[in-house]
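Chains as they are written, first to last, in this note's numbering: chain R, 28 to 352; chain E, 28 to 352.
Everything labelled a hint here was simulated from the structure, so no lab data went into it. Heads up, some of the hints might be wrong.
Residues on chain E that point at chain R, a partial pick, calculated with CB under 7 Å [as the list claims (entries may be wrong)]: (1) Pro126; (2) Pro151; (3) Pro166; (4) Arg168; (5) Gln169; (6) Pro215; (7) Leu217; (8) Leu232; (9) Phe234; (10) Asn238; (11) Ile293; (12) Phe332; (13) Arg348.
Cβ atoms here follow ideal geometry from the backbone N, Cα and C, with glycine treated the same way.
2 protein chains.
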Amino acid sequence: MDKKIRVGIVGYGNLGKGVELALRENKDFVLKGIFTRRDPSLIDTDSKVIPLSKVLDYKDEIDVMFLCGGSANDLPQQCPILAACFNTIDAYDNHSKIPDYFNMVDDIAKDSNKVSLISIGWDPGLFSLNRLLNQAIFPNRQSYTFWGEGVSQGHSEAVRKIKGVKYAVQYTIPLEEAMEKVRSGNNPQLTSREKHKRVCYVVPLDFNDTNRIEEEIKTMPDYFAEYDTTVHFITEEEFLKNHSKMPHGGFVISTDINKNNHKQRIEFNLSLENNPEFTAAVLVAFARGVYRMSLEGKKGAFSIFDIPLSYISPKSNEELRKELL
Amino acid sequence: MDKKIRVGIVGYGNLGKGVELALRENKDFVLKGIFTRRDPSLIDTDSKVIPLSKVLDYKDEIDVMFLCGGSANDLPQQCPILAACFNTIDAYDNHSKIPDYFNMVDDIAKDSNKVSLISIGWDPGLFSLNRLLNQAIFPNRQSYTFWGEGVSQGHSEAVRKIKGVKYAVQYTIPLEEAMEKVRSGNNPQLTSREKHKRVCYVVPLDFNDTNRIEEEIKTMPDYFAEYDTTVHFITEEEFLKNHSKMPHGGFVISTDINKNNHKQRIEFNLSLENNPEFTAAVLVAFARGVYRMSLEGKKGAFSIFDIPLSYISPKSNEELRKELL
Ligand SMILES: NC(=O)c1ccc[n+]([C@@H]2O[C@H](COP(=O)([O-])OP(=O)(O)OC[C@H]3O[C@@H](n4cnc5c(N)ncnc54)[C@H](OP(=O)(O)O)[C@@H]3O)[C@@H](O)[C@H]2O)c1
Ligand SMILES: NC(=O)c1ccc[n+]([C@@H]2O[C@H](COP(=O)([O-])OP(=O)(O)OC[C@H]3O[C@@H](n4cnc5c(N)ncnc54)[C@H](OP(=O)(O)O)[C@@H]3O)[C@@H](O)[C@H]2O)c1
Chain R
28 MDKKIRVGIV
38 GYGNLGKGVE
48 LALRENKDFV
58 LKGIFTRRDP
68 SLIDTDSKVI
78 PLSKVLDYKD
88 EIDVMFLCGG
98 SANDLPQQCP
108 ILAACFNTID
118 AYDNHSKIPD
128 YFNMVDDIAK
138 DSNKVSLISI
148 GWDPGLFSLN
158 RLLNQAIFPN
168 RQSYTFWGEG
178 VSQGHSEAVR
188 KIKGVKYAVQ
198 YTIPLEEAME
208 KVRSGNNPQL
218 TSREKHKRVC
228 YVVPLDFNDT
238 NRIEEEIKTM
248 PDYFAEYDTT
258 VHFITEEEFL
268 KNHSKMPHGG
278 FVISTDINKN
288 NHKQRIEFNL
298 SLENNPEFTA
308 AVLVAFARGV
318 YRMSLEGKKG
328 AFSIFDIPLS
338 YISPKSNEEL
348 RKELL
Chain E
28 MDKKIRVGIV
38 GYGNLGKGVE
48 LALRENKDFV
58 LKGIFTRRDP
68 SLIDTDSKVI
78 PLSKVLDYKD
88 EIDVMFLCGG
98 SANDLPQQCP
108 ILAACFNTID
118 AYDNHSKIPD
128 YFNMVDDIAK
138 DSNKVSLISI
148 GWDPGLFSLN
158 RLLNQAIFPN
168 RQSYTFWGEG
178 VSQGHSEAVR
188 KIKGVKYAVQ
198 YTIPLEEAME
208 KVRSGNNPQL
218 TSREKHKRVC
228 YVVPLDFNDT
238 NRIEEEIKTM
248 PDYFAEYDTT
258 VHFITEEEFL
268 KNHSKMPHGG
278 FVISTDINKN
288 NHKQRIEFNL
298 SLENNPEFTA
308 AVLVAFARGV
318 YRMSLEGKKG
328 AFSIFDIPLS
338 YISPKSNEEL
348 RKELL
């Protein structure tokens, strides 16, 4: 493609910064501006920063808008407004609410003749793609997803909300024994406890309070009660030194044993030192697809399942067949 | 989809048998017949076997034809004839000739208003898809493919052609050290010798001949001269007992170290006890895509890069978003 794809970023948190970083590696994009709800003068970046309230002025200057708000509160509110004027891409990851979110965005984007690609990233995203491949290729086997070792923002947040907690981080760790069972092909039924364990590092306001905090963490329903959980209490200094990164990753595995008794395994694995920066790199690649679909006159909401992967590459179909097939 | 997809198999070798096996796991297909150049009465199967010369009689009874002939000689000859009358899918794997093959098939299928999906399987196929993902997500890093541990038919064949060789098999083995270099993110330049080694098991007609045979193998250009190659001479009995399987697999890996010095790795791995049966399972899944594209009125040749992955699942888009995204 000769013309650069003109893009904007809405929301300058971890993901928004990641998109800004990834765009620098991709010469076929030009960043027109970062839109934020905060005072632009407080945002530390060399890019142009614009108040979100002015975003509609840029209607004709932006081909694809990266929506980098949080899934819990920002996207359900921002995406409907923005999809009415822009092609959008987001990393919406509230799995149980994806169908509703999709339908809401689909209605708006169909009316506005825009393309909205939702829930791009790694999970949802690349992991979803691998779950689909596994199921389609091994229709009578389960596809297993293991997360980690990595930081779960949701679980860290839940610990931080406990009274007396100053800082906290929670690592999700997949259990090697469970992964081996899956790889061996006996299609195991695994409980939550058998798949992952949880390890928390907590800085308490008062070290006399640790027994109560530990008890509250370990018995918290949905988040920790169903898992083997270990809690370490550490100092603020150690926390800031060793636990302020955002690593993550995981595995999507499916193993078939077919009627001829042959064992066949498909495995996809990510190991990420920085989760939002990787998610952002995936968003940037798929933004090409949004642009191409919009040029083709497509409209409405789409997921990673709907897009031919040639669309995410800057190369022509001829080049892809010659170099990569 | 309510209506079953009516399919035929052309060529009953390893891949054709694999497709027959995989179809039994997928209830949305019905196998109308296996077409062979051999005398049907000599083919051992419960399926209906039909002389290939009668294939055009089935023009209106088959939605997708699985072309399971060899890539070297069968497909370039059979695909043009069949793509003139049927939607087709094949596992054409002669990488350097894929562009020519694609163009030839594209012309024919465009004329016949049919869909031909070429080069499906794992390499080309799923590995190609992962190479594309790697390049699009990490545009300034290399994507590395390692094959094995597994049997290379081409290399085994090359050894079998040497005078004095009764049976032979060649295993391609990826070198762990090279994979670790790739995973570490230093984007290494690797020679053939640094990526894989080759191990051959040979049954000689005469055990006095082993020095010459070993020398001929190890110095064979393109196939062995560029690799560290080990040759084991074994008895016919041991060969038939331990070396008549067709395992294969491999790895597609890319590791980025971004401008914030974060290391991020994407890795896809297959471990297959039976290469053609796995390839066949992939073909069956993608045959759904051929059928769907043909229902949409698409025509011409396509590759795995051109097809949204939702097309290979029997599930609806709503189900996929709810269950897998
Ligand atoms: N699909 C996947 O694989 C995947 C992976 C990772 C994350 N995600 C999703 O990506 C979403 C965004 O993640 P994130 O880590 O970027 O969230 P975040 O850092 O909390 O940012 C969310 C929003 O909060 C605002 N914000 C950020 N820093 C702020 C600060 N210092 N003070 C006040 N406001 C601030 C920003 O909006 P303003 O600039 O407008 O203030 C930003 O858009 C997550 O909710 C998650 O759902 C998906
Ligand atoms: N893309 C990938 O990942 C991938 C992976 C594996 C293989 N492949 C490709 O798949 C192709 C087919 O592989 P394959 O292992 O099925 O090859 P194969 O067993 O040699 O079969 C090729 C053809 O030979 C004929 N044939 C088979 N057994 C025969 C016998 N006993 N006597 C006489 N003729 C016989 C069959 O045609 P008739 O029934 O008409 O005689 C068959 O269609 C390979 O060339 C390779 O290119 C691709």
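Evaluated hints:
1. Pro126: holds (5 Å)
2. Pro151: Constraint on Pro151(E) satisfied, holds at 5 Å.
3. Pro166: At about 6 Å, which falls below the 7 Å cut-off, the nearest Cβ of chain R leaves the hint on Pro166(E) intact, so it holds.
4. Arg168: Check failed: Cβ of Arg168(E) comes no nearer than 9 Å to chain R, outside 7 Å.
5. Gln169: violated (12 Å)
6. Pro215: violated (18 Å)
7. Leu217: violated (18 Å)
8. Leu232: violated (31 Å)
9. Phe234: violated (33 Å)
10. Asn238: Status violated, d = 37 Å.
11. Ile293: Holds, because the Cβ-Cβ distance from Ile293(E) to chain R comes to roughly 6 Å (cut-off 7 Å).
12. Phe332: holds (4 Å)
13. Arg348: holds (6 Å)
Of the numbered hints listed earlier, those contradicted by the structure are 4, 5, 6, 7, 8, 9, 10.
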